[in-house]
Every structure is written in structure tokens, then in C-alpha cells.
Amino acid sequence: MQAKTACARDKRLTLRLTLRPAGFILRAMHQPFLDSLRVLELTPYGGQRSFFALRLSRPSWTAWTPGQFLMLRPASFGLELPLARPFGICDASARQVMCFFQVLGRGTQRMAALRPGDEVSVWGPLGRGFAVEQNAPTLLLAGGMGIAPFVGYANAHPEPEKLRLLFGHREALDCYPVDALTGRIRFESAHERAPEDRDKFIHSARERMRDCAARNGLALACGPLPFLRAVQSFAHELRMRTQLSLENRMACGTGACLGCVAQSVDKTPVCTCREGPVFQADNILL
Amino acid sequence: MDISVTLRGQTHDLALKNPVLTASGTFGNGIEFASYGNLSRLGGIVVKGLSLKPKAGNPCPRIVETTAGMLNAIGLQNDGVEIFCREKLPALPWRDVAVIANIYAASTAEFAELAARLDAEQGVAALEVNISCPNIARSGVLFGQDPAQAAAVTRAVRTAAPTKHIMVKLSPNVTDIALIAHAVEDAGADSISCINTVLGMAVDLGARKPALANVLGGLSGPAVKPVALRCVWQVARAVGIPVVGMGGIVCAQDALEFILAGAYAVQVGTGNFIRPDCAFALADELPDACNRFGITDLEELRASLRLD
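Chains A and B are the protein sequences, given in the same order.
In terms of this note's numbering, the first sequence has 12 at position 12, counting the first letter as 1, and numbering is strictly consecutive.
In terms of this note's numbering, the second sequence has 1177 at position 177, counting the first letter as 1, and numbering is strictly consecutive.
To be clear, the hints were calculated from the coordinates, so they are not data collected in a lab.
Every residue, glycine too, gets a C-beta built ideally from N, C-alpha and C.
A portion of the hints provided could be inaccurate.
Covered stretches of chain A, going by a simulated chain B footprint (3 or more residues, C-beta under 8 Å) [claimed, not checked]: (1) 71 to 82; (2) 254 to 261.
Covered stretches of chain A (chain B as the covering partner; in silico rule of three or more C-beta atoms under 8 Å from a C-beta of chain B) [said to hold, decoys possible]: (3) 31 to 38; (4) 53 to 63.
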């Protein structure tokens, strides 16, 4: 009964949003919007049906920065799963927005059953994204699902030849959305099959950072926490300009629930959703 | 249809343009939600709990989703009352919407100091007193679990903030909520809000660890709605001051159910996380929902539950 009422309300809301005057979208850049979007396509990656690209139709916004994220809540969550899930924007245009996810829990299990036409509440773009420096050699360091924001980063960068990506992954390469990257930027991947492979990958990350730092470049990293900690220590050692994208549990994405706090170096609590998810490596405690 | 409502208190009334407020801790300082709706369309905004000094809160993980709800153990992280008064309050449209400051302290004296500070702020329409917190001076017993302690805090805040409407927020984690309600009414509360979160716990079986770093947390969301309705019903029958209901309200029909059980107004909490326009949409839809159920005015609906 309650779920029905909520659904009815969402439908009316879709209508209201559709009828919104055109001037509404001309607000300040990166203002977050709340939309009811439709699933265009859910594309499995790899053979396990646990990695998916989710394409949603026509967000109200066009301005975004790679590294920013969205809160997604499919109508199929009903009231049983009340919280939206945060996902980095993989890529976006006026026609569609794409996120990438791995099935890990109840929410992503239900997302894996989405079909074209299904409704998803989406709010964003949220948070602060990665720096884009047109003239600086930029090293992208991705671990596992941390590859997602770099798809959009490579597409949005005015000089993709300045980019070099090092990608460490545990599953087969075809589980990840690298198809859009390999032809566009210098791409190097490392498949972790054994613990010693991880050490090799971390070693490679340090070597690439050293080379990039020597050319006054920038390093951007997204991936699991131990990986980010390693990148942070190399950044410190090499005194390299480095940004890290953090992941944290959150309920709102807007800085209200305070579920996603991290600590800055001066011990101030900072919201991963609002002050992040991308932080300067020398300004965040991991 | 006029859906404005006045909470008639023992000392001060609180006039609301509609009965939809946002619950403390789920709506930040209000400004965080300004992109998703017009704050002035709300009946009121209850801001994140304020303490005298800044508070860092608990370690993460602080939140976990549970079936039809969530547990939180934020630990009342906030920037302190001074930053609120100086930076947050001026950014709110307080002339157009009732801003209610939720307050939290570890002693009666600290509650009084906090209340006195906020009494001086023109932009604050009312204080909501969070008594679901431990009294450090009395070996950590929760103010809200002991009628004498609950009354002492209410009296202290009432005296320290003589110009404000005082709303006392009750915990459901008590044996007899009506007893606590009586105590705070006798101590001078203008209204009562209930419920605060229900004490709960979740575990990670694989890791054999608690889901929250704090182990215990407060359950909120649709899962607690029956508990909340029961509490509102019991409190509304026990006291003469107005009751503001909350607990799992996500749509206009939920809000009307609470009013039927005796509430004058409602607060939307976890619903703000389900969709950030939840409270705005609920306020907009209330007149239509009344029409659907043949409700001609909210006063006629209030506490009209048929028991025959």
C-alpha cells in the first residue's frame, strides 16, 4: 500500500519535472538536480553477470566534472531498501548518463535486474571531481572498480594524449569498461592473479608516478583503500600533486546525514560527499 | 484547503503554514536541500542537533541500511551553536519558515546555557530538546528514560529560553512513554515530538563484526512506523499539549495516519534520504490526499480514530 502511494507520487513527479520551464536548467553549473530517469540499457561486462554498465536517459544537467557522482535509487527498491546508492559518473552527455557497478549486495543485486524503461530516481552531479589540467602530463591510477570515473575523464580531457592510465584488476579485463579507453589514451593494465602481482602493480604505480612527477605532472587515483594509501605515501615521498577519490557509505549525498565523514589532516571531519569524493592527497587522512 | 496549524503551547504557540516539518539529523541545516525544493514551502525545518561546543561524532561506519529502514550512530557530530548562529541560521529563510533548533547536552546546566544562547536568536522559532542522551553527572543515565531527569531538563530549558516555544523530543526506548510525556508537560513543555530512533543493532555475519563501529545505533525509516504511531497515540491521549509525530513517514497518507492518531504536525526524517524532495512533495500533496480520504480539515481528522 505504501509502496504504491510512493510510486504514484514518483509518476506525478516525473510529469512535473518534464514540464519544468527551460530556464530552470540554466542555473549555476554543477548545481545538483533531482530527476526521475528511465533505464535505456543495462549492459553486462564479462561473463559472470556481476559487472554492468547502466545507461539512463536524458538527465536535466549537462555540466559535470569527471570524479563527481550520482545517488541512484531504482523505483524497484520500494520501501524495503530505503537508501539510494552512490555511483561515480562513468560518462555523461545531454542524451544519457552512464554508471558502472559490480553486484555486491542487495541494492546492486536489484539493480542487475533493471530493464529498459524502468524508473530510477537520480540526484546529482554531486561532490568535487578531479582536476583537469590541459597542459599537464596526467597519470591516472585505477584499482578495480576505480576505473569508472576515468572513462569520462578521458572523454572530457581536451588533450587525451597527455593522459596515461595504469589499471590494476582482479577479474578478467573484459569485466571493466576499458573498451572506451584503450583507443583514446595510453593504457596499461595489470591482472592480479596472486598476492605478489599486487606488489608488482604497486611498484609500477610508484615508477609511473616518479616519471610523471619528473615532468611536473599530476596523479589521480581511484580504487580500494589500501591502494589509495600506497598512492598517498608515494605522493608524499615524491612531493607530487596527487588527488585521491574516496569511497564511503552515505545516505543522502548532500552533506546532511554525516554518514560519510573522513578526516582532513588537521583532524576536521569532512563529508566525502560534499568536500570529496576527490581530495588532495596531502590533505586527507586515510 | 487551509492546512496551516498552530501548536498551542503552555507558554508560547508555534504557528506553522503546514504540518510538515523535517526531522533533525536528516535535513542538515536545511541549505543542503535547497536544490531539491523551496525551503519556504515547508511547515518547519528542525536542524541537525546542536551542542554548546563542536562535536566530532563517532567513528565510521556510522550508518547501515536495514530492511525498510536504517541504523545510524552519527554521535551528534555538529559544529557547535556559535557556528550555527553565525553562519548557518542567516542562510535559512527563517522569516518564511519556522526554524527549530534541536539541542543536545550532557548536563542540565549545559542544556540551560545552550537554550539561553538560542533564546537570543530572532531566527529560531522554537527549540526541540533531545533528551535521548546520557546525563554525564548521573552516571550516564539517559535524561529521556527517567521522568525526573526529563522534567529537570525541560524546566531548565523553559527557564533559560523564556521567549521560545519548547518542544521536547521523546525516546521510544522506555517502558511507559506516557509517563515521560506527563513529566515534561508538567515541567512546562509547549509541545512534544516523538519518536526519536529505536535502539537497534546489525551484524556482518561474514566478518563476525557489528555493522556499526558504535555497535548500537538508532533505527529509523518505514520499519519503525508502527512503533511511532503507537507512541503518538499513547502520548496524545496522555497530555494536553500538542504532539508532533515522526517515524517512517514517507508520503501524505502516512502523515494523515499520524494526525488521525493524535498528532498536530509531523516530521519527515529518513524519507529525506529516500528522495531529497520527499518532505517538499509531501507538503504539496497533503491537500490532495485529504480530498482522497474525504478529510475536510485537519482539526476534524485529528485524534478522530474510531475505537468502536
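Exercise for the section: Three residues minimum, CB to CB under 8 Å: does the region 31 to 38 of chain A make the cut for coverage by chain B? Let me know. Expected result: holds (count 4)
Handout entry: Annotated coverage of the region 254 to 261 of chain A by chain B, confirmed only when three residues or more have a Cβ within 8 Å
Key = holds (count 8)
Handout entry: Within 8 Å of chain B's CB atoms, at least three CB atoms from the region 71 to 82 of chain A: coverage verdict
Key = Coverage by chain B holds here, the residue count being 5 at a Cβ distance below 8 Å.
Practice task
With a C-beta cutoff of 8 Å, work out whether three or more residues of the region 53 to 63 of chain A approach chain B closely enough for the coverage to hold.
Solution key: Result for this restraint: violated, n = 0.
Comparing the model with each numbered hint stated earlier shows that hint 4 is the single one that does not hold.
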